[in-house]
Structure formats: structure tokens, C-alpha cells
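Chains as they are written, first to last, in the working numbering: chain A, 316 to 718; chain B, 316 to 718; chain C, 316 to 718; chain D, 316 to 718.
Everything labelled a hint here was simulated from the structure, so no lab data went into it. If you're wondering where the values come from, they're calculated on a predicted model, not measured in any experiment. Each residue gets a CB set at the ideal place from its N, CA and C atoms; glycine is no exception. What you were told as hints is all true, and nothing was included just to trick you.
Far from chain D, some chain C residues (derived; all Cβ distances over 10 Å):
#1 D440
#2 E442
#3 D479
#4 A536
#5 K654
Under the rule of at most 16 Å between Cα atoms (straight-line distance), these lysine to aspartate or glutamate pairs were calculated in the EDC-like manner:
#6 D:K638 - C:E355
#7 B:K372 - B:D586
#8 D:K369 - D:D586
#9 A:K638 - B:E355
#10 B:K368 - B:D499
#11 D:K422 - C:D548
#12 B:K420 - A:D548
#13 C:K422 - D:D548
#14 A:K422 - B:D548
#15 C:K420 - D:E551
#16 B:K422 - A:D548
#17 B:K638 - A:E355
#18 B:K504 - B:D479
Derived contacts from chain B toward chain C, CB cut-off under 8 Å, selection only:
#19 F327
#20 D670
#21 M672
Letter by letter, the chains look like this.
There are 4 protein chains.
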Amino acid sequence: MSNASVHTGRHFLQIPGPTNVPDRVLRAMDMPTIDHRGPEFAQLGLEVIEGSKKVFKTKNPVIIYPSSGTGAWEAAIVNTLSPGDKVLMVETGHFATLWRAMADKLKLDVEFVPGDWRHGASPEDIEARLSKDKAHSFKAVMVVHNETSTGVTSRIHEIRKAIDAAKHPALLMVDTISSLGSIDYEHDKWGVDVTVSCSQKGLMLPPGLGFNAVSDKALEASKKNASLRSYWDWHEIIAANKGGSWSYTPATNMLYGLKEAIAMLMEEGLDNVFARHKRYSAATRAAVETWGLENLCLDPREYSPILTAVVMPEGHDADQFRKVTLDNFDMSLGAGLSKIKGKVFRIGHLGHFNDLMLMGTLAGVEMALDLAKVPHRAGGVMSAMSVLTGRDAKASQAKTAVA
Amino acid sequence: MSNASVHTGRHFLQIPGPTNVPDRVLRAMDMPTIDHRGPEFAQLGLEVIEGSKKVFKTKNPVIIYPSSGTGAWEAAIVNTLSPGDKVLMVETGHFATLWRAMADKLKLDVEFVPGDWRHGASPEDIEARLSKDKAHSFKAVMVVHNETSTGVTSRIHEIRKAIDAAKHPALLMVDTISSLGSIDYEHDKWGVDVTVSCSQKGLMLPPGLGFNAVSDKALEASKKNASLRSYWDWHEIIAANKGGSWSYTPATNMLYGLKEAIAMLMEEGLDNVFARHKRYSAATRAAVETWGLENLCLDPREYSPILTAVVMPEGHDADQFRKVTLDNFDMSLGAGLSKIKGKVFRIGHLGHFNDLMLMGTLAGVEMALDLAKVPHRAGGVMSAMSVLTGRDAKASQAKTAVA
Amino acid sequence: MSNASVHTGRHFLQIPGPTNVPDRVLRAMDMPTIDHRGPEFAQLGLEVIEGSKKVFKTKNPVIIYPSSGTGAWEAAIVNTLSPGDKVLMVETGHFATLWRAMADKLKLDVEFVPGDWRHGASPEDIEARLSKDKAHSFKAVMVVHNETSTGVTSRIHEIRKAIDAAKHPALLMVDTISSLGSIDYEHDKWGVDVTVSCSQKGLMLPPGLGFNAVSDKALEASKKNASLRSYWDWHEIIAANKGGSWSYTPATNMLYGLKEAIAMLMEEGLDNVFARHKRYSAATRAAVETWGLENLCLDPREYSPILTAVVMPEGHDADQFRKVTLDNFDMSLGAGLSKIKGKVFRIGHLGHFNDLMLMGTLAGVEMALDLAKVPHRAGGVMSAMSVLTGRDAKASQAKTAVA
Amino acid sequence: MSNASVHTGRHFLQIPGPTNVPDRVLRAMDMPTIDHRGPEFAQLGLEVIEGSKKVFKTKNPVIIYPSSGTGAWEAAIVNTLSPGDKVLMVETGHFATLWRAMADKLKLDVEFVPGDWRHGASPEDIEARLSKDKAHSFKAVMVVHNETSTGVTSRIHEIRKAIDAAKHPALLMVDTISSLGSIDYEHDKWGVDVTVSCSQKGLMLPPGLGFNAVSDKALEASKKNASLRSYWDWHEIIAANKGGSWSYTPATNMLYGLKEAIAMLMEEGLDNVFARHKRYSAATRAAVETWGLENLCLDPREYSPILTAVVMPEGHDADQFRKVTLDNFDMSLGAGLSKIKGKVFRIGHLGHFNDLMLMGTLAGVEMALDLAKVPHRAGGVMSAMSVLTGRDAKASQAKTAVA
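Next comes chain A alone, as it looks inside the complex:
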């Protein structure tokens, strides 16, 4: 381990977001702010709005807020739902729980399907609950696509089918905060009504932008919705967006970065981006398996391509382990949150990332397991390399399973 208190080289930011912002994006943001009511801005505005639609895979409006992702959660709620409205939410983990807490604060009537934080939202269960709701009292089904706290990816496409099978009119609202731009997602094709996202994960930007992609049905619902709102109201922004401007001052320099980040995603091709993340996760899981540690996610169909949550062996504290990685290897790993605090650490492998950065990351974890005296088998990095070089047949199967 390095004993120097001064860190050298690049920090390994391996939390599952904020992710590493590419130099191209940071440099694009590092330009003079312009008049947000002038013609140059209007062109930028139109470009980022159209570009965002490509990332969400929608032809409908995408509303971009100066906000965190939390703000985009709130926007989704206050535009479509009113206090007292009943909604179905699923306890996939910490962030689903936080979104539910927000729904409570905003006086929604939440039915919160309990979960073990090791599985995604069950399409079967959702179908069953909706089928029973003959009165169509549920106004919305709200799920997290990729639960950032657990490394479990829910199958949104199947949840859509479940709602359809139940012939239920509830809106489908999906949090893609840690999946957009990293995991396959189709707002229009999958029939999502409101997709919530933000800038600092797969979009490779600093935090500061929130997004709502909306369906016609959601827009229609919002027009009828009497819920008090101003900042988050979709309609004034959509109206202003037609000319490339916003109804209040947008976060200009963040939009410079968004334009560049979208260009990078399109240059690589979204399908390549998605495949790339699956490789990282397959390699990471191979390492975890070799170490003899447990993946928090239990269902191979739900393995997250963008992070892997690792269960600490009994008697070892994950936060203490994370301190070892930070102090010795200048690497930030994700913490276990709320009820899994200290029990889990999370390896982020998303965004502006590549094979060698992943290997640096996994080597850092393996060395830290050693230094922290966490029981494990050596050689996780060897297994990961086998996946990356394509020599590991089992990993290839794992890779397929992830697909």
C-alpha cells in the first residue's frame, strides 16, 4: 500500500455514480456562459432536446430540469398525481424506498410491495395486484429500473406486459437514474409513461440535470391533474422548448456538456454502450465468484450491468473495508445504504470506463480484501481477465444470461 498522504495519479471513482466525466465533456462545459435568450442558445437548446430523445428512445418531449435526479422524481409525481392518489411501488432497495418516502410526503397513498433488496420488481406480482384492482384505483405503477443500492435491474419490459395483461390503465413511471445511457432502455417501445433520470451516471455529466421523458398519456394526465406545482410543471417548459429555450434560466454550461455527452454516446452507438457494460459486469461477477464472496443480486436475469453489490462476510464491516480501499488505493467504492449499511459494498463499473480501468478497480478490491484481512480466495482478477479476453466459457454464458 502507498503510505503517502498525498494521492497521485487519477482517483478511481468506482461508486455507481457520479461517474467519471470525460475530458471532452468537462472541456465543453468549460466555456463562457451565453445569453439564454439569444439565437446561439436556441440552437443549443434544440440540439440537446432532440439528442436527449435519442437516448431515451422516444419521439415525445423530454423535459430537462436544473435539478438532481430527486427533483425529477418529484416532477414525475406532481405533474401526474394528486394527494390521495393510490400508487403501486416496489421495495427494490434504498432508492425505491426514498422515492416512496417522497410519495408519502406528497400525500400519495402508496401500496409498497415489500422486497428483500436482492430481487427486482416482480412482473407476476404486479400483474396479480393490478388484476385484483378492478376499480382501477391505482393511478400509477412506480418502479426503479436499476436499483443503484443493490445492483439489481428490474425487467421493465416485462412489467409493461404485466400491466397490459391486467388490462390496467395505471401510468407506468420508471426511475432510470442509474441505467439511462448504460443499460438497454426504450421509453416509447416499452410503453413507459414517465421516465425519470439525471445527468451524473450513464450520461457521464456532473450532477445538476434532472430529466422526465413523458408519454402522451402522461401529458394528458398532467393536464387534468390539479396538483399544485410551478417549477416542475411540464407544460411551460415544453412550450418554451419548441423554440429551444426554457421558461426559466436553464443550466447553460451543463447543457454544453450534455450536447457533448450525447455526441459521445452516439459515436459509440447505444448498442455498443450497452454491450460494453455487460462485459464489465460479467468480468466483475467472475472476480466476485472467485473471491468466494456473494453477489447481493440473486437472480441472474436481474444482474446489473452497471454495478455489482458485494456482500461482506459475516463479522466484517463493509465501510471499514471501503476505508481501506480509499486510504490505500485512492479508490471510492459505493457504501451499503440504510438497512444494508456496513453489510455490502458496491463496485460501480459504468460510464466513461474501459477494461483497464475495470482491472485497476478489481485489483484494488482484491488487494484491499487482503490488507483488510477479509477472508477470500485470491485470483479474482485472473477470472475477470479471462472474461475480458473471452477465454472463460462460463462467463460467456453469464454474459448471455445478462442479456
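Dock chains B, C and D against chain A, hints included.
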């Protein structure tokens, strides 16, 4: 005029915000995003929170949102007021009108004191209205410190006295969006309950941060306030801020910039900053007077140090004139907004600015007046130079009057 | 004047180079250094070499050194001339004198045509001297295109004709350090053998690159030249350049900037660039004339488009005046050098520059003349504005004269 | 391997220089160029000159050129030596050979001690040769401290002792191009007369600056030396440096970066910097040994802390292997140069670097060995990790040996 379609040199961004972001601030923002839950971030968080207090001149909490200034308006309202609450607002111009429109949307019961957009809020009038309100039905008085649409600065300190004279318990909520960090302002000493601001004016940052500085009285009110809110709720943020973090992902790179911008304001000294802006406005007014054009602001006690709104002569369109300045001199001036659209243009002279940038600005206006064939007397730039060199005694008086 | 010791806004860098580096160029340079032997670099190398040829207007090699312009002077000499070789140089000012001093150090036999530092090199005089040299003992004629110390531009095209008229085989070597990319110049068409230049003037880059554009005749001379040299030797670099690399490590990040700067010049169009600089100089001279001050350059055919050297009235020290502009207006003006030290100040008006930056500059000079109590007539800025708006017929003539 | 033609994440620049430039340094360079004759520059100039002395560990002048390291080689020669002067150079590898070629071009009379490119300069051999030179015909001994082409570090301190033992007055001139700021070096204490270096290796800057640190004896020699020179002449620069300026335009923005880079080295502490590089090289050698590949450097006392040159097994082309690493893992490795072209690849592990970047690097090499079907044993990365975690006793010995 230059006929080249390609602009060279630096754009003159002379709208009254967003302002010119200093290179130091842009470069500070142009650094890798860090873990918002790690120790390095915590130190940054504490620094910017403490630094912000110095700028607002308060010992109380300052809440920093990833949002525009509009969001900070909403935060002020939803934390302290509930639908149906009666508030006193004053029509100082476009932005006061927008804030009022937000209050309407959020179902406050607004008494909107009409104004001519050429004067600030009248302390006498406020005192009179509050004195009549024996039942203390007004829960808040909400005024804009510097009305960015008109170049009129209301006398907040006197409004405080007016409220006190009326012995009225209403909260005083002040929008300092275009004044903070440019015009003398004291949250604590002046007894303001909620001060609203944002990043892209006197703070010399890009847009993307909103601020609420709050009094104990406002905090108390917020605890009793049942208004629905989540994103804007002060208390979770204040609680997290004690450790230098936020209750949701903050706009990290904007905070890098905020730290640097506050450092720059402190290096210069706030009193020097305020005096500097008064010089700019005195020089600008001297130019306007020589041109024979009219200042929208009618009361010398209310001349804005940070922008000057100029009334176009009858028969000339201000937006056409602004197009001439943009096309010929690559300078953006502020437009007349809503009911003064086309009738007024606004010269921003704030933020990261200096005498020669001001002279370039005023020369651009004078040359454009010429090219656009707007009737005027030549020599405005000469008058401005006289003020800047201290040779103009009248201007010195003007300067004093501004003080 | 501003009394604050802390400067705000952008510094006015009005020396005749280094000039203001555009943000686009600085940001392009602010990227990770790459392998100078890899394929990505090779593409960059080829691009900047081809792009440089467009700026010099040559189809022949342009050699780019990691060096100052002084290094490019030395390169021109050591590649083509040997100790004892006779050369004809012309005393146009400080830089011509420095180049001569270098020639002396390198043991050339210099005939230095004396000058008054107020005129360019005389084609007639050169023709007369060469005509007398029947033995063709002069191996080279070495002149400075734009003498940065005086604001006098020699007529290179006419000097070429003079050499031809004298039927003299001497090489023509020209310093375009402050003219390249700002003043019309054609390496091939004008028959120049070695053109010397650097990065920090019209090319809008920081200092750090030197250039030699070479004719076939110069290349031929260099092959026969036994002068000791290694770093500056053209041939190894030209050989390596064919594949886009260098024979030693090039200044990679400067080349990133060069690529961007050339792109900017091409977007604007060189003819527009040249015309733009003439406008600046016409406006500046109009101001100087109104002030009643004297232009150091006496011949209207030789007025420099990129700087104006102003003679201080007797009894006033130019460096003291420059201190006043720096202390009060955060503007750097060029000093009088060596024998005109204290007697002249120089206003640079070149590079990444525009009308309003020029007006800020001239207003700064006029205000400083006032503060420094230098006798002058007010109104120079008014005259400059008349030129810029096209209202000043005389200035239009001046402009024509400059052409 | 990744098949995407678009690379994501950060490139692994593992050539032995240019090295990864820290963001702090790039950002420091990304600031407006200032007047190189003004007071702000003078302060910068003095700071970087004083700071450079600390890095070279000298109290004598350090001359900084706008040049590559090759220029600094030339400066060392032309300041102290004249055509015909006899010098003793040692063939440690490609760069020693290039320096010798330069000496030839500059007409020195070089005795070039032959070498096998696998050993450093032999102090014993130098002593023997100098002892025989009773006439003191050798004017200088010129050696490369760290031969970048081979990964062999010569023992300069012992060479100094050898010269002293021979009681020979020859100047000692040392190339520290790839060692300065990474490998222990003491200009004064070790009695070096001219130390040559550059910016793009241990100093963590882009290429573009050359350095000469000089002893009193070297300065004395230069005064007596009649060799023709101008650009490289020490004395005018040293004279100008006293006031913080240069005798010609310095590379201002590179000096911004130099100031920041020196600050970073001092914050870490040079001894920590040196120890850090030894860890990297010990870990790298452990990997190479496990792979069953051969280190080009044969003498453990001469293992380079900053790069490791690896011999390719017979029948395998190192450049083809390097193409595999570049195409599959976006990593640049150093090539074998001239007579070892294709036979060796070089792993750079220096500069702004850390343990996890090293592990990414070594994992990339191991995976590429696999993909390129180069015979090797798996597990090099495991061995490297053992060294980094301190579990490998043998490596600890190796580490000691390196010291």
C-alpha cells in the same frame, strides 16, 4: 461594423445575468467529479456553506439547491406558506410579476401592489397596508431587491423598518437574484426572513444553483407549515449540511465553482465589490443622459448598480436595436420583458467586469445607436469616461446619490 | 480609476503579442498528452503541417519547432548560412537589431542598413545595394515584415521585386513573427526563401512554437551549407514530418492548439482576418490623431495593421504612462524598446480581438492620458467609433492607404 | 477484448514519457497568457526558477528553454564545448546514441564506449579511461542517467567518484530526461556540471520545455568557450532571469504548468516520489518474472524505477504486440528503438501514476500477451499485487536492491 459572419474576440455578454464567469471559476469547475459521500466532498461542502453565509451576511443556514433561481423562489414559498395564505407582493416589474404568478399557482392569496415598473417597492405603502391589517392576515411580504427587468433597486432596509413600524409579524422574503454579491445586502442585520438567490449573477457562476438564506423565524414557520414539499424541504438538507453533505446528490462541480467565486469576492472585499458596481452604473447613466435617452428608473435613490434599463425613443424598437448590437458588435444586451418588450433595452454591468469592459460596452451601444439610426446625441462614452476618471463632479454626486 | 488592488473582469492584454488566446484554443490544449509515436498523433501531425502551409500560403515544407520565435530566427540562419557569409539586413527597429545581433554572434558578415525606426526597409535602397554587388557576395537579404517595436510594416512584395530587378541570387529571409495570420503575406507568390514566425501573435497561441517556411532554393542552400547544427536542422524534421511525426518530441499540446487556431483562421477566412486588422489600425490611428499625438510610423504605406506605436510628448515618460494604464485599468500596453524606451508606447490590436475590445482599449488609453496628465485633446474614442461605424470618410481613405 | 472502434474511458499512456499530465497542471496551463514583461510574469518567473532548483537539488542557475529535451542536450554542448573537443560518452542505448550523433554533428571528437544496451555506464570503465588520459584531453564525460530506451539507470554518483578517483578535470554532463522528478538525483551533491532535462516525464508537463542545471565550473567553461551560439547561450538568459524574465519570449503557459507541477512534487515530497516509483518498478518486475519474460536490464543495481523494458520471446514481434494492446485495450506501450526495434516493448510506470493505474497497465499487458498468443505464464498481475500489498518478501528484497 464588422461584416464577418464569424465572430472574433470575446463576446460582450451585457445582459444582467448570466454574467461573465471568471476563468478561475470555470477552471475550478473543470475538475473530476468526486464522491459526494466521501471525506473530500464533506470538506468542500462545509466550505461553501460557510462561505455562502458570508456573502448573504448571515449566521443562519443557507440552503443551496441544484436549481435555477426560480426553484429558490418556490423553495421560499413552500417551506413557509400554505395554500390560502395571504401575502403582500409588489409589482416592481417582470420578475416580481413572475414570482406572483408562481404564488398564484401555489394557491397563495396574493395582494399585488400595482406598480409602474419604474419605481421600487414603497416602504410607505407597505407600512400603510400592513398597519391596516390588524388581524395580521398577511403571512409574508415578498419583494424583489433588484428588479432585473427594470434596473430599479428597492430599499429593503427601509421596508424592514416599515414592517417594524407597522408592528406586523409577516415574514419578509426578498429576491436577491440579481443583487447578491453585487449590491449591498445584509440578511441578518436587515431582518430578512428568507433571502432567495441564484448562482449566475453576482456570484459569477453559470446558472444551476438556487439559494435560500433563512432566519430563525422562517425556520420556525417552516416547522409549522403543512404545505406539501419534498425536494425543496429545508430541514433534511440543513441536517445533512451539518456534516458537509446533502440529502440528495448536490451539483458537485457547481460547488467547486462556488468555492472559487466566494474566494474571489472575499479577496476583493464585498465593500469594494459594491462600490465598483456603483461606479459602473454612474458611468452608464452619464452616457445615457448624454445620449439624451431616458433611464427607466425614475428615482435616484433606486438606481440599480448592476444594470441600466434604457427607454427607446418612440418609434424605435428596442429588440431591433439589440439585433444591431448583436450582429455588428457581438454584444448581447438585455431585452425589455413582457409589457415593456421592444420599449426598453437593458445594459448589464455586473459581475466579473471592469472599466474597460464597460467602455467597450458603452461604445458598442453608442455605435449601434448610430447604425440603427436611433436619435441620440454623440458623446455618451466621453461622459462615462469622465465619471470613471473622477472628473465629472455631477457624476460624483450621482454616485453619492446611488450610495 | 479603480482603487482596488484586486483586478476584476478580463485583463486587457494590448501588447503586440503574446495576444489573447481564444478559449477554443486553450481548451483544445487542455487535453491529455498522447503518444507522439502513435497513429492518433500522426494524424494530428499531418493536419497541423498541412494547415500551417495554408497560413504561410506555401506548398513547400513548414518546419515547426518547440521554440520561441528567436529559435526560428536561428534556424533560418544556421540552415542556410555559414560563418563569414555576407548578408544584408535593415535596421527597421529593435527586433531587426536583435536579429542582426544574433547574426553577429553566429559570425555572419552583416551589412546593416541604418534606419530611423520610423520607416520600413526601402526596396529602392535594397535594389541599389544589391545592384552594386556584382560579385554576389550577399548570400541573403534579411528583413522584418512587421517591425513589432515600431508599428511599421515593410513591403516584402516590393523587396522581392527589388531583388529581382537587381538580378541578385541572394536568399530572401523574412521575419513574420508579428504579421503571420494578421497581415497579408504570401510565402510562395512573393518568392520568399525562408519565412520565420512563431505561435503567440496572429496564430493566437501561447508562446512555444517557432516556424520556418522554406523555398526549394533555401532547401537547396541548406544541403550545401556546412554550418554546424542539429536541433534546428530542417532535413531530419522534414523527413519525419512525412509520416506526421517529428525527429524529436514535439510540443504535443501546443500542436492541439495550433490545429484549433488554424481552424479558426480558416473559418473566418484569411482575407477577412487581414481586413479586420486594418479596420482596427485605422480606428486606432484616428484616435491617436485626435489626441494630437504622433504615430511613430511616418509612411502611410507602412502603417502596421496590428499595432500602433505612439510617440509620447516631450517631457512625459511612456513607461510611467504604461504603469498608469496597468494600475488603473488593468491594461498592458507595449513598451518602447531599447533606444525608444520611455519615448513610445505601443497599442497592440491583433489576434483574437474585436471592435468592442478595441474601444475598451482606446478608452483606457484616453482615460490614462487624462489621469497621467499627458497633454492631449479629448475625443480620440469618438474618432475611432466614426471609423468603425464607417462614418469617417477620411478614415476610409486612411483605410485605403493601409491596403 | 473490446471491438468498438470508439474508445471509452481514459487512455492508458504507458510509454515512458510523455507521461500523464495531472488535471491540476493542465488546468493551470489553461489560463490567459500574460505580458511576459509585466510584474505578474516576473513573479511567476522567479517562482519557477527557484522551484526548478529544488527539483534539480542545486543552488546554481537552472536555465529553462522553450524547447524539447533534445534542445537541452544541444544547449549543454554548445555552451561548454567547441568543435574538436574530445568527450567521453557511453553507449547505454538509443538515447545515448542519439546524443552522441548530435555531438558528432556539432563536431565533437567522441570516444563512444560501446555497450550492450543492457547495462548502464560503468564507473570502473570510465575511471580506467580517464586515468589513462594523462593529458586531460577529455573535456567532458557525458552520460545518460536513466536510459529511456532500455530501462537501465546508470549510477551517476559512482561515476562522479570514478572521475574524482582518476583526478580528471573533465566536466560531467548528465541527461536526466526521464529521471528528473522520478529517480533520486542531486545536481550539487553529486558534483554534476551540466544536468540536462525536459518537461514531459517526471515533471508531469506536456513536452515543450528543456532545462540545463549548471555548476560554477560549467559556467566558467562556458565563458571561455568560443563555440558559436545564440538561442542556447546561458548567460543572457541567466542575466534576464535575475528579474524573473527571459531574454526572449518564454513559453508562458508551460511555465504556469511548471509552477503547479513543482508544487505537486513538493507537496508529495521528493523522497516519497522516488520511493513510489521504486514500488511500481518492483511490482512490474515481479509480473515480468512470473510471465517468464526477460527484463532487458541485467544488473539489479541498475533497474530503472520508471520503466521496464521487456524482451519479446524469439519469433514474436514486439510492435505487433503493442498494436494488440493499443487496439484491444487502448493502451500505448513504448516501442523498442533502433537496434532493438521489434525485440522489446517498454512499460512506462512514472509520473502522475498510482497503484491501480499500474494494475490496469499490467493486466492489459497480461491480457494482450494472451490475445497475441505470446508464450507466457499467467499470474503476473498476482505477483505484482503481492509486491504492492507487501506480502512478497522477495519483491521486498528486489525493492531494497533497487534502492
